[in-house]
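Sequence order for the protein chains is U and R.
Residue numbering for the first sequence follows my numbering, starting at 162 and increasing by one per position.
Residue numbering for the second sequence follows my numbering, starting at 162 and increasing by one per position.
FYI, nobody ran anything at the bench for these hints, they're computed from the structure.
Incorrect hints may appear among the rest.
Note: identical chains are not told apart, hence a pair may lie in one copy or across any two.
[Claimed, not checked] Mimicking SDA-like on lysine to any residue, the simulated pairs with C-alpha atoms at most 20 Å apart in a straight line are:
hint	residue 1	residue 2
1	K184	H282
2	K472	H434
3	K290	D311
4	K290	T198
5	K344	H368
6	K166	S405
7	K344	S380
8	K212	E520
9	K373	E398
Since the model is a prediction, treat every value here as computed from it, not as a measurement.
Protein chains: 2
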Amino acid sequence: MAMPKASQPFPRSEYLRRLTAVKSEMKRREIEVLVVTTPANITYLSGYTSKSGYAPQGLIVSLADEEPTFITRRMDGPAAIHQMFIDRGNVISYPEALIANSERDGYDAIIEFIFDVGLGHKGIGIEAKFLPASTVEKFKSCAAQARIVDCTDAVSWIRGLKSDLEIALMREAAAISDAGMLKANDVIRADVREPDAAAEIIATLVHGANGKPGTDVASFYLCATPRISTCHIRWTEDVFQKGSQINLELSGVRHGYTSPLMRTFSLGKPSDHIRRLHEGEVAGLEAALAAAKTGTTCSDVAVAFNTTLKKHGFEKTSRCGYAVGIDWTEPTASLKEGDVTVLKPNMTFHLMLGNWIDEDVGYVISETFRVTDAGGEPFTKLPRELFVI
Amino acid sequence: MAMPKASQPFPRSEYLRRLTAVKSEMKRREIEVLVVTTPANITYLSGYTSKSGYAPQGLIVSLADEEPTFITRRMDGPAAIHQMFIDRGNVISYPEALIANSERDGYDAIIEFIFDVGLGHKGIGIEAKFLPASTVEKFKSCAAQARIVDCTDAVSWIRGLKSDLEIALMREAAAISDAGMLKANDVIRADVREPDAAAEIIATLVHGANGKPGTDVASFYLCATPRISTCHIRWTEDVFQKGSQINLELSGVRHGYTSPLMRTFSLGKPSDHIRRLHEGEVAGLEAALAAAKTGTTCSDVAVAFNTTLKKHGFEKTSRCGYAVGIDWTEPTASLKEGDVTVLKPNMTFHLMLGNWIDEDVGYVISETFRVTDAGGEPFTKLPRELFVI
Numbered sequence: 162m163a164m165p166k167a168s169q170p171f172p173r174s175e176y177l178r179r180l181t182a183v184k185s186e187m188k189r190r191e192i193e194v195l196v197v198t199t200p201a202n203i204t205y206l207s208g209y210t211s212k213s214g215y216a217p218q219g220l221i222v223s224l225a226d227e228e229p230t231f232i233t234r235r236m237d238g239p240a241a242i243h244q245m246f247i248d249r250g251n252v253i254s255y256p257e258a259l260i261a262n263s264e265r266d267g268y269d270a271i272i273e274f275i276f277d278v279g280l281g282h283k284g285i286g287i288e289a290k291f292l293p294a295s296t297v298e299k300f301k302s303c304a305a306q307a308r309i310v311d312c313t314d315a316v317s318w319i320r321g322l323k324s325d326l327e328i329a330l331m332r333e334a335a336a337i338s339d340a341g342m343l344k345a346n347d348v349i350r351a352d353v354r355e356p357d358a359a360a361e362i363i364a365t366l367v368h369g370a371n372g373k374p375g376t377d378v379a380s381f382y383l384c385a386t387p388r389i390s391t392c393h394i395r396w397t398e399d400v401f402q403k404g405s406q407i408n409l410e411l412s413g414v415r416h417g418y419t420s421p422l423m424r425t426f427s428l429g430k431p432s433d434h435i436r437r438l439h440e441g442e443v444a445g446l447e448a449a450l451a452a453a454k455t456g457t458t459c460s461d462v463a464v465a466f467n468t469t470l471k472k473h474g475f476e477k478t479s480r481c482g483y484a485v486g487i488d489w490t491e492p493t494a495s496l497k498e499g500d501v502t503v504l505k506p507n508m509t510f511h512l513m514l515g516n517w518i519d520e521d522v523g524y525v526i527s528e529t530f531r532v533t534d535a536g537g538e539p540f541t542k543l544p545r546e547l548f549v550i
Numbered sequence: 162m163a164m165p166k167a168s169q170p171f172p173r174s175e176y177l178r179r180l181t182a183v184k185s186e187m188k189r190r191e192i193e194v195l196v197v198t199t200p201a202n203i204t205y206l207s208g209y210t211s212k213s214g215y216a217p218q219g220l221i222v223s224l225a226d227e228e229p230t231f232i233t234r235r236m237d238g239p240a241a242i243h244q245m246f247i248d249r250g251n252v253i254s255y256p257e258a259l260i261a262n263s264e265r266d267g268y269d270a271i272i273e274f275i276f277d278v279g280l281g282h283k284g285i286g287i288e289a290k291f292l293p294a295s296t297v298e299k300f301k302s303c304a305a306q307a308r309i310v311d312c313t314d315a316v317s318w319i320r321g322l323k324s325d326l327e328i329a330l331m332r333e334a335a336a337i338s339d340a341g342m343l344k345a346n347d348v349i350r351a352d353v354r355e356p357d358a359a360a361e362i363i364a365t366l367v368h369g370a371n372g373k374p375g376t377d378v379a380s381f382y383l384c385a386t387p388r389i390s391t392c393h394i395r396w397t398e399d400v401f402q403k404g405s406q407i408n409l410e411l412s413g414v415r416h417g418y419t420s421p422l423m424r425t426f427s428l429g430k431p432s433d434h435i436r437r438l439h440e441g442e443v444a445g446l447e448a449a450l451a452a453a454k455t456g457t458t459c460s461d462v463a464v465a466f467n468t469t470l471k472k473h474g475f476e477k478t479s480r481c482g483y484a485v486g487i488d489w490t491e492p493t494a495s496l497k498e499g500d501v502t503v504l505k506p507n508m509t510f511h512l513m514l515g516n517w518i519d520e521d522v523g524y525v526i527s528e529t530f531r532v533t534d535a536g537g538e539p540f541t542k543l544p545r546e547l548f549v550i
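Pulled out of the complex, with its shape left as it was, chain U reads as follows:
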């Protein structure tokens, strides 16, 4: 029996719209074929979320074809047939013998395909920054008659601008993020082990919200006293203590789309210092959202935040956010001073106001929002509180 198609998170017309935008960029860059290897970009152009990206794979977008072709290892072919909107004939599997093979790998299969369809001497775009140096070299030497063009981030910039259908999925992910934070507020207690709280919160993120389950487990960071100046520790084996502070960062996931959220919890009364930092950050957050209107720049948003925070006597040295969507961070626009990216409606950002000031001072709050003509519109509904338990 042949593998059936999964129900798609988007209609075919949505994928074709995205591909039209990519092909238009390909024409601008004077390339005939684009080899998309970044998992998030493959998800964007096909609906595929299976986690096969640790082995060579490529979605080949050609100006000559309406649908792209996916080249993947044999064992991942059925998942591609199942999940991708494309015809099953456009999923090509290479043999398992190319795995853990020092002579030839899946990129050779991709290059051979490009030659087979007669494009081996054309302009070929690759996402060079996310490929091993030896693979870039392979493209250059195997396709010596071709013009190899570095198209790193070309698709990422296009997916920075969300459709209403994508915004709807990000709202679903945000509702799951909210549910995760509310669960945290229920389970973080003195004498509870960090992993036991984490287990319940993560389970909530998978169960989902409003009948929409989480479709993946995104990054999850629970940094509690004495680690409140850290930001990327999962959790430890410690037990929460009375007086502990807990900084939490998490996200629900819907078909690849994330809506990250950060909040700070305090077991007992927080110090005046943290309370003042919280007030400054919330004021900064509101100023940043107000500034995030169509036509302003990423830099303007950062300035609005930084200026407001400074008025409250604090400073944040790291950027105050980044473009967000499939698989969390997009490697494109940053909410930082000097980033002159102009904001357009339905660009989405994680306004990430984690502020790790000193080795014993750290505080986190964030919102994921979309740009509108009236300013940044957050996806989550959680109060902007320092949660005191």
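Starting from the structure of chain U, add chain R where the hints point.
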């Protein structure tokens, strides 16, 4: 207040032993300094498990110094001070301004450090395969007087051979994997949504076993009818049906160390075909474990499995396993015909017998084991059953 040190999963002597092995390999390759950038290798040499690897970072091992130096972005410095066994003076943070900066990034900070300590004209090893091509170029051009040597997998091969202390952690991870599978056996039922089962199983992996919590969430794949020929789908929004088959792959994690495990579940009586495949795979598994003695090769183990499975009328085209440890797969030895890696005591493998035969036939079973003089010794205690629910 300064960041305190976390309790270490290993004594200092264990890290120094590992570093001695790395330095000895460095001498063999005639390099004075090694820039370790792969997260799993950094964990191995320092105890660091914080998830900062998406930004440039490097653990600098120098023949001249007992301890390595870690160079990381400002916001990740405190986690390194907390988790790494090294002196806090050996953690160097680069400014946040190097993040999302197209002119200069953290690798420039690493290269500058190497010059600052007077090693800029020496033999410098890098893990080139896992670095962007532009970064390899940067090393070559900035350190033009140095000899840049590709040391990809040098540390990975060293960590392939586990100490008894590491084996103990992998056994703890395996006990968690067992607990996860037993939970699966409890919660997989007809009319239950896949994510609701996944949530409970993942929560179990985080709660842990025998008082030892999971320290991270590893990859998790639940591929149920009609997707039993897929292997890397997390789960879907479907509800389990009477007659469904469920292929599960998961792992507990202890301080980075994994012990992956796969089992197949059937809601009701499995078909004779799947039952026969199960019997062939279990026979092959036992043959592979018996073959995995000190002094034989990876290829011998694969031949033992493949020959046995063939006697049962089946074939598996993908490799039957790979070296395993920190962060799951090690990019070194494979249990496949032709891999002549000689087995040594305390090498560890995931004997991964997932077999996706046709678009509607797939079956999974696996064991994580260590090599001993008497054969492969599995870490988990779970029966080698096709679990019928």
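Self-check item: Indices of hints not satisfied (ascending)
Solution: Every hint satisfied by this model.
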